[in-house]
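Visitor: Listed below, chain by chain, are the residues.
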Amino acid sequence: MNTLNLAGSARALTKTFQSATTVHALRGVDLDICDGEMTMLVGPSGCGKTTLLCVIAGLLEKTAGDVQMLGQRVADQSARERVAFRRQHVGFVFQQFNLLPALTAAENVAVPLIAAGRKRAAAVKQGMALLARLGMAERAGALPKELSGGQQQRVALARAVIHQPSLIICDEPTSALDAVTGQQVMQLLTEVSMREDRAVVVVTHDSRIFGFADTIAHMEDGRVERVVPHGAPARRAVPQA
Amino acid sequence: MHFIALRMLTGDRAKYLGLISTIAFASFLLANQVSIFAGIIKRTASQIVDVVDADLWVMDPATEYIDEVKPLKETDLLRVRGVVDVAWAVRLFKSLPRITAPDGRLRQAILLGLDDATLIGAPHGKLRLGRLEDLREPDAILIDYAGYRYFWPDGELTLDRTLEMNDRRVKIVGIVDASAPFATFPVVFSRYSQAVLFVGRERNQMSFVLAKAAAGVESAALAERISQTTGLTALTGDAWAWRTMQYYLQNTGIPVNFGITIGIALIVGIVVMGQTFYLFTIENLKQIGALKAIGVADRTLVGMILLQALTVGVIGYSIGMGICATFFEITKHNLPTRGLVLLPEAFIGVAGVVFAIVIVASLLSIRRVLVLEPALVFRG
Numbered sequence: 543m544n545t546l547n548l549a550g551s552a553r554a555l556t557k558t559f560q561s562a563t564t565v566h567a568l569r570g571v572d573l574d575i576c577d578g579e580m581t582m583l584v585g586p587s588g589c590g591k592t593t594l595l596c597v598i599a600g601l602l603e604k605t606a607g608d609v610q611m612l613g614q615r616v617a618d619q620s621a622r623e624r625v626a627f628r629r630q631h632v633g634f635v636f637q638q639f640n641l642l643p644a645l646t647a648a649e650n651v652a653v654p655l656i657a658a659g660r661k662r663a664a665a666v667k668q669g670m671a672l673l674a675r676l677g678m679a680e681r682a683g684a685l686p687k688e689l690s691g692g693q694q695q696r697v698a699l700a701r702a703v704i705h706q707p708s709l710i711i712c713d714e715p716t717s718a719l720d721a722v723t724g725q726q727v728m729q730l731l732t733e734v735s736m737r738e739d740r741a742v743v744v745v746t747h748d749s750r751i752f753g754f755a756d757t758i759a760h761m762e763d764g765r766v767e768r769v770v771p772h773g774a775p776a777r778r779a780v781p782q783a
Numbered sequence: 012m013h014f015i016a017l018r019m020l021t022g023d024r025a026k027y028l029g030l031i032s033t034i035a036f037a038s039f040l041l042a043n044q045v046s047i048f049a050g051i052i053k054r055t056a057s058q059i060v061d062v063v064d065a066d067l068w069v070m071d072p073a074t075e076y077i078d079e080v081k082p083l084k085e086t087d088l089l090r091v092r093g094v095v096d097v098a099w100a101v102r103l104f105k106s107l108p109r110i111t112a113p114d115g116r117l118r119q120a121i122l123l124g125l126d127d128a129t130l131i132g133a134p135h136g137k138l139r140l141g142r143l144e145d146l147r148e149p150d151a152i153l154i155d156y157a158g159y160r161y162f163w164p165d166g167e168l169t170l171d172r173t174l175e176m177n178d179r180r181v182k183i184v185g186i187v188d189a190s191a192p193f194a195t196f197p198v199v200f201s202r203y204s205q206a207v208l209f210v211g212r213e214r215n216q217m218s219f220v221l222a223k224a225a226a227g228v229e230s231a232a233l234a235e236r237i238s239q240t241t242g243l244t245a246l247t248g249d250a251w252a253w254r255t256m257q258y259y260l261q262n263t264g265i266p267v268n269f270g271i272t273i274g275i276a277l278i279v280g281i282v283v284m285g286q287t288f289y290l291f292t293i294e295n296l297k298q299i300g301a302l303k304a305i306g307v308a309d310r311t312l313v314g315m316i317l318l319q320a321l322t323v324g325v326i327g328y329s330i331g332m333g334i335c336a337t338f339f340e341i342t343k344h345n346l347p348t349r350g351l352v353l354l355p356e357a358f359i360g361v362a363g364v365v366f367a368i369v370i371v372a373s374l375l376s377i378r379r380v381l382v383l384e385p386a387l388v389f390r391g
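In the order they appear, the protein sequences are chains A and B.
The first sequence begins at 543 in our numbering and counts up by one.
The second sequence begins at 12 in our numbering and counts up by one.
The following block holds chain A by itself, in its conformation from the complex (with noise of 0.2 Å):
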């Protein structure tokens, strides 16, 4: 039984996008998403998961439905006050990294403690000290062409938490990563990431890191087919922050 606290939840949750055709991502979504839980999203290409993702964070505007999180209406706030919402509230981590090329490691993790207003000095100062943490400090000054797959997604996950967000949201992490470096990955996200006050969402296609889920959610066809409490096994072995 969960016992934790609901960060988020989407009820009858439809997203529509108008073009040349008429195309219906999510088709009535129910799902609970909980606090200190990692909720990985899975299903085949097309099934609406990263439509999911966009609209629980506040990238994408719902059609219709309801969506809470960590107490707001995400989905009916103005652009202005998502925008804010995001800045606040949601860490980001993304497939291709998105690492700004010109900027250094330290620098890149930076970036959202910049965009909230803190001084440049010193957000950088807290970038390297996180990355220290993360075990990049030798790289810490490295432009994101120096660096692995593997040191590219650690810097996108110390960017992904340096702000203290209440939900991190995590887009095919370890697509772009062997097995081993992807697992190592995973492992980092587990340890700075994973907090009772704060909830993870993960899409995935990548079976090999189901592990560290503690639910699943399996989509099709833009509905919530069945929401699987996994109980994270492979995170049982790693130490929490």
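Some hints could be false.
Said to hold, decoys possible - No farther apart than 30 Å at their CA atoms in a straight line, the calculated lysine-lysine pairs in the BS3-like style are these: (1) K53(B) <-> K343(B); (2) K182(B) <-> K137(B); (3) K687(A) <-> K26(B); (4) K297(B) <-> K687(A); (5) K26(B) <-> K53(B); (6) K105(B) <-> K137(B); (7) K667(A) <-> K297(B); (8) K105(B) <-> K81(B); (9) K297(B) <-> K84(B); (10) K661(A) <-> K297(B); (11) K661(A) <-> K687(A); (12) K26(B) <-> K661(A); (13) K182(B) <-> K105(B); (14) K26(B) <-> K343(B); (15) K667(A) <-> K687(A).
In short, the hints are calculated from the structure, not lab data.
Dock chain B against the given chain A, drawing on the hints supplied.
Guide: The following block gives chain B in isolation, referenced to the frame of chain A:
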């Protein structure tokens, strides 16, 4: 976020340098062509500008500009002198005789005949060698430095050399730095009584009357009074110079030619910078999308784009104007291009134009960023 914007800009070295080169090129071309255009047009009035001791120019109403003069009658001088508040009025003769050097070099010249008694209209303060008073000697002339160098390109400046002006011998008693004329003819000064002898005699000889307003009398008002009283055209020096310049602006292809070049500079600036800057933005869309997703506001992103564009603009403009200033610094010592300088007005005006180019070029990029969906970063 400013440092992020600047690092993104300088991180793409090729585009960064391309953008700066474009603005530098456009700035140089604009300032250079505008300054040369203004300098050339100003040359059309150089003989007017060089007359510093008279307030007013009086001429026949049929005279439209200084290079095409209908002579006045001798009595017109007396009529002008008779107008209230005219302190003095003197003759001025202008013609285009032919000058031949002893070695056979030949050139058309601008001859200005100055009032015999007062030498009013002489290029005061511009004498490089000799004395103004020596114009009173027989056959004496002053010649401008460029004209002198045409006949004697090398060696020291020497007085008492002789030339032939329309089959009459003349002697150089002074060399002056007259303002460069529109047509690069030598400028020659002599006494009025002598100048009229150098050219074929006509019934009327006097080209202009130069007049001075009495103390405390406003020149423009006096010009109006002379016109009303005599039926002649009377203008202040400035008004006459402007009328002459307008004639050339309206009746020659100079503005069109320079206008085309200036237009090309504008088009190159806007199109090339706009295109390059837009490509730069497009190539950074993923990163910009990531920033949007992270929570960077549109307003901040627009500020970043404008900062990038303005940085390129300021650096490019500075380089362009530096090249332009160097160009004029080098060419000002050449006789054909003397007097052509980088105008302060061009300096300021081009800054405004570059600012406009930068803003226009940024608009496409700004629009692209504003419509960018941050969810784009989740698409592989």
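Visitor: None of the hints should be skipped; say for each whether it holds.
Guide: How the hints compare with the structure:
| no. | hint | result |
| --- | --- | --- |
| 1 | K53(B) <-> K343(B) | holds, 15 Å |
| 2 | K182(B) <-> K137(B) | holds, 19 Å |
| 3 | K687(A) <-> K26(B) | holds, 19 Å |
| 4 | K297(B) <-> K687(A) | holds, 16 Å |
| 5 | K26(B) <-> K53(B) | violated, 40 Å |
| 6 | K105(B) <-> K137(B) | holds, 19 Å |
| 7 | K667(A) <-> K297(B) | holds, 26 Å |
| 8 | K105(B) <-> K81(B) | holds, 10 Å |
| 9 | K297(B) <-> K84(B) | violated, 82 Å |
| 10 | K661(A) <-> K297(B) | holds, 25 Å |
| 11 | K661(A) <-> K687(A) | holds, 26 Å |
| 12 | K26(B) <-> K661(A) | holds, 29 Å |
| 13 | K182(B) <-> K105(B) | holds, 19 Å |
| 14 | K26(B) <-> K343(B) | violated, 35 Å |
| 15 | K667(A) <-> K687(A) | holds, 21 Å |
Of the numbered hints given earlier, the model fails hints 5, 9, 14; all others are met.
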